[in-house]
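Asker: The lines below spell out each chain.
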Amino acid sequence: MFCKINKACLFIFLLLLQFLSVMTFADKKSTEEVKVEIENAAKAIKELESDFSLREYLPEILSVAKNYLEQAKESLEDNERDWASYYAKLSLITSSTATFKAKTDLFKWKRMEEEIRFWKNLARSDDKEKLYQQKIEQLKKELLTARIEFAMANAGLEKSGKVFTFTLKDSEIFISGTFAISDAGKVPLDKVIDILSLIQKAKITIEGHTSRPDKENLSNIKANSVKDYLVRLGGIYSDNISIVGYGNQKPIVLNEKVVSGPSNDRVVIYFEIPKEEK
Amino acid sequence: MKKLLFLFLFVLIFISTQISFAGKIKKNDAENALKEFQTKYELIDKKGIWDIAPQEKTFVKTLLEEIQKDLKEEEWEWIFQKSKTAFSYLLLIEAIAEFKEAEKLYEEISQK
Numbered sequence: 001m002f003c004k005i006n007k008a009c010l011f012i013f014l015l016l017l018q019f020l021s022v023m024t025f026a027d028k029k030s031t032e033e034v035k036v037e038i039e040n041a042a043k044a045i046k047e048l049e050s051d052f053s054l055r056e057y058l059p060e061i062l063s064v065a066k067n068y069l070e071q072a073k074e075s076l077e078d079n080e081r082d083w084a085s086y087y088a089k090l091s092l093i094t095s096s097t098a099t100f101k102a103k104t105d106l107f108k109w110k111r112m113e114e115e116i117r118f119w120k121n122l123a124r125s126d127d128k129e130k131l132y133q134q135k136i137e138q139l140k141k142e143l144l145t146a147r148i149e150f151a152m153a154n155a156g157l158e159k160s161g162k163v164f165t166f167t168l169k170d171s172e173i174f175i176s177g178t179f180a181i182s183d184a185g186k187v188p189l190d191k192v193i194d195i196l197s198l199i200q201k202a203k204i205t206i207e208g209h210t211s212r213p214d215k216e217n218l219s220n221i222k223a224n225s226v227k228d229y230l231v232r233l234g235g236i237y238s239d240n241i242s243i244v245g246y247g248n249q250k251p252i253v254l255n256e257k258v259v260s261g262p263s264n265d266r267v268v269i270y271f272e273i274p275k276e277e278k
Numbered sequence: 279m280k281k282l283l284f285l286f287l288f289v290l291i292f293i294s295t296q297i298s299f300a301g302k303i304k305k306n307d308a309e310n311a312l313k314e315f316q317t318k319y320e321l322i323d324k325k326g327i328w329d330i331a332p333q334e335k336t337f338v339k340t341l342l343e344e345i346q347k348d349l350k351e352e353e354w355e356w357i358f359q360k361s362k363t364a365f366s367y368l369l370l371i372e373a374i375a376e377f378k379e380a381e382k383l384y385e386e387i388s389q390k
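Listed in order, the protein sequences are those of chains A and B. For reference, each letter of the first sequence is one residue, going 1 to 278 in the numbering used here. For reference, each letter of the second sequence is one residue, going 279 to 390 in the numbering used here.
Chain B extracted, bound-state conformation (with noise of 0.2 Å):
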């Protein structure tokens, strides 16, 4: 009975182990995060303004990289996190761009 009792309570544990550690992300958030990450990504490769802002642009691809490779092994949770950072990188690049033009604008204007 003391043996079924320490089976019993082992297997609890072991169980609340995985819950508590389980990933949060399902396949289906990563697959959406990478979806909106590409989206993006192609829109600024047809904008063509990745070189104003060089050390983003190698963190994108460091990231697209890693994320290729968390495919292969299926770890939803870092495609997710990883494909939500590099999103954020490429609205950086966005706002660099147009701190940049609305720089450019401001000098013309200020040499009149």
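Okay, chain A solo, but in the shape it has when bound (with noise of 0.2 Å):
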């Protein structure tokens, strides 16, 4: 009797253990969703194969995807059904990259293309000369714009959007106890007018700030100093430089006991690039 259950239990166990590997083992995806998968992938290589702008185009990696595509096939005839999912997926971004190869190079080859019409013109033209100008003012323009790019990170100018913000305590730039600029404040300024000096068109507005009620209007003293200073050995045209005196409605800090870090009592000089000279 105990020999008898013992073998039932034995077998049962077995059972159990064949289940539980089965189970383990077994393919996640159902034969259905694998054959949609493959279609997919076939359509996608046919699409591509079938386009008539990218044919030419073709590369090589697409005979990957087509053999992924042969390797998802025979997966699924051998009912290993992931497998047959997974080369399915590869075939298809396979593909996807083929199409972005082949328009990558359709549009290398219509830009070469271009190129050529664009210098044909250029020997054809009587106009020679006008055309060269472009050129010279094209690369004028991209020289220029490298100029202000170098000039505007070595003066340290924060850039929010289209505007160029600069700003400067006024112990940095006036003598203690007056808005005459200092030596040390001429620094600064001079980067400045560097910048200001290529960008002709500029629009530029000089904001003075105080750190208490500024009942002596003082605010605009200190922006009116930096202004007069721009103009006259900066050579920046005054009609193009606005002044404001805040007072002390825009503080930056609450704390004005602190001794380093930004101060309330400041000049901040704005400007844009105007579009003509980008």
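Since the hints were made in silico from the structure, they are not lab data. Please note that the accuracy of each hint is not assured.
[Said to hold, decoys possible] The calculated DSSO-like cross-link candidates involving lysine-lysine, where the alpha carbons are at most 30 Å apart (straight line), are:
hint, chain 1, residue 1, chain 2, residue 2
1, A, 73, A, 108
2, A, 35, B, 335
3, B, 304, A, 110
4, B, 382, A, 140
5, A, 28, B, 325
6, A, 135, A, 203
7, B, 378, B, 325
8, A, 159, B, 325
9, A, 130, B, 382
10, B, 304, A, 35
11, A, 66, A, 140
Taking the hints as your guide, dock the two standalone chains into a single complex.
Answerer: Listed below in structure tokens is the structure:
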């Protein structure tokens, strides 16, 4: 009796083991799902091959996509559905890659054709000088942009959208107790002049700010002092500069007792590069 | 004797099932595929072209998360398949970036 029960237990145990092992290694995808994936992969390849505009530029990688598709079909025939799904997915991704590679080549060739057309026109043109002049102007603009960017990086300007900002504390630019520009203050202002001399038509705004209520209109006086320096020494056209005195309406720090760091007693220079100078 | 024969047959069937369903992929294959994917991933990171293909970027990140889970469970077959799939997505992202660059250059010359 005991022997019989023991054998039955062993049989059930083995059966359970068998069931578990089959469940562990069983494919997660159904045959129908995999068939759809294979159809989609085949469709992608077919569409790419039938695209008239891209037919000439089909890359070698397309054959890799086709190979994956074949492997997907074979795996499905062997009832290895997860592998079939995997190969179908790889085929689909690879044919997308092939599409982009073909489009890339198409644009490369079209660009070369455009270049040839441009230079042929230039060679045939009676007005060659004008066309060369255009090229020179374009190169000059590129050089100017590079110089402006270099000068801006050198001066430590902040950029917010199209507007450039340069903030200077009173202690950095004015002689203590006055609003005359100090020797140390000339250094950052000269950097601003370097940039503004490159951008002839820039509209500049100079803001004066104070830390206390501005009954004596000191913020205006400070802004005007900076404007005067830019016009007199920098040769910046006066009409391009506007000044605003905000008093203590726009503080940037709450605790003025801190010695280092930003200060409410400051001058801020704003400007924007006009479109035609970019 | 019959019982012995039955047991022998059972064991035979059990082993054949194990062989047919067992993974084809060894740990080494999976690790190589993962390495290949990681190298490409770092390259794409350096190029800074992720945002050019946001959908593919999401697929790759999801696969990466899944691979990390599979690594804990030592699911070598899944690690292999997912690494290869993610690698294919990275190739696609590179192709999209090249395409965008070619398109931009073409537009620039067309405006001349």
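Asker: Against this structure, judge whether each hint is valid.
Answerer: Cross-check of the supplied hints:
{"no.": "1", "hint": "A:73 <-> A:108", "in the structure": "35 Å, violated"}
{"no.": "2", "hint": "A:35 <-> B:335", "in the structure": "26 Å, holds"}
{"no.": "3", "hint": "B:304 <-> A:110", "in the structure": "47 Å, violated"}
{"no.": "4", "hint": "B:382 <-> A:140", "in the structure": "22 Å, holds"}
{"no.": "5", "hint": "A:28 <-> B:325", "in the structure": "36 Å, violated"}
{"no.": "6", "hint": "A:135 <-> A:203", "in the structure": "28 Å, holds"}
{"no.": "7", "hint": "B:378 <-> B:325", "in the structure": "14 Å, holds"}
{"no.": "8", "hint": "A:159 <-> B:325", "in the structure": "25 Å, holds"}
{"no.": "9", "hint": "A:130 <-> B:382", "in the structure": "26 Å, holds"}
{"no.": "10", "hint": "B:304 <-> A:35", "in the structure": "27 Å, holds"}
{"no.": "11", "hint": "A:66 <-> A:140", "in the structure": "51 Å, violated"}
Of the numbered hints stated above, those contradicted by the structure are hints 1, 3, 5 and 11, listed in ascending order.
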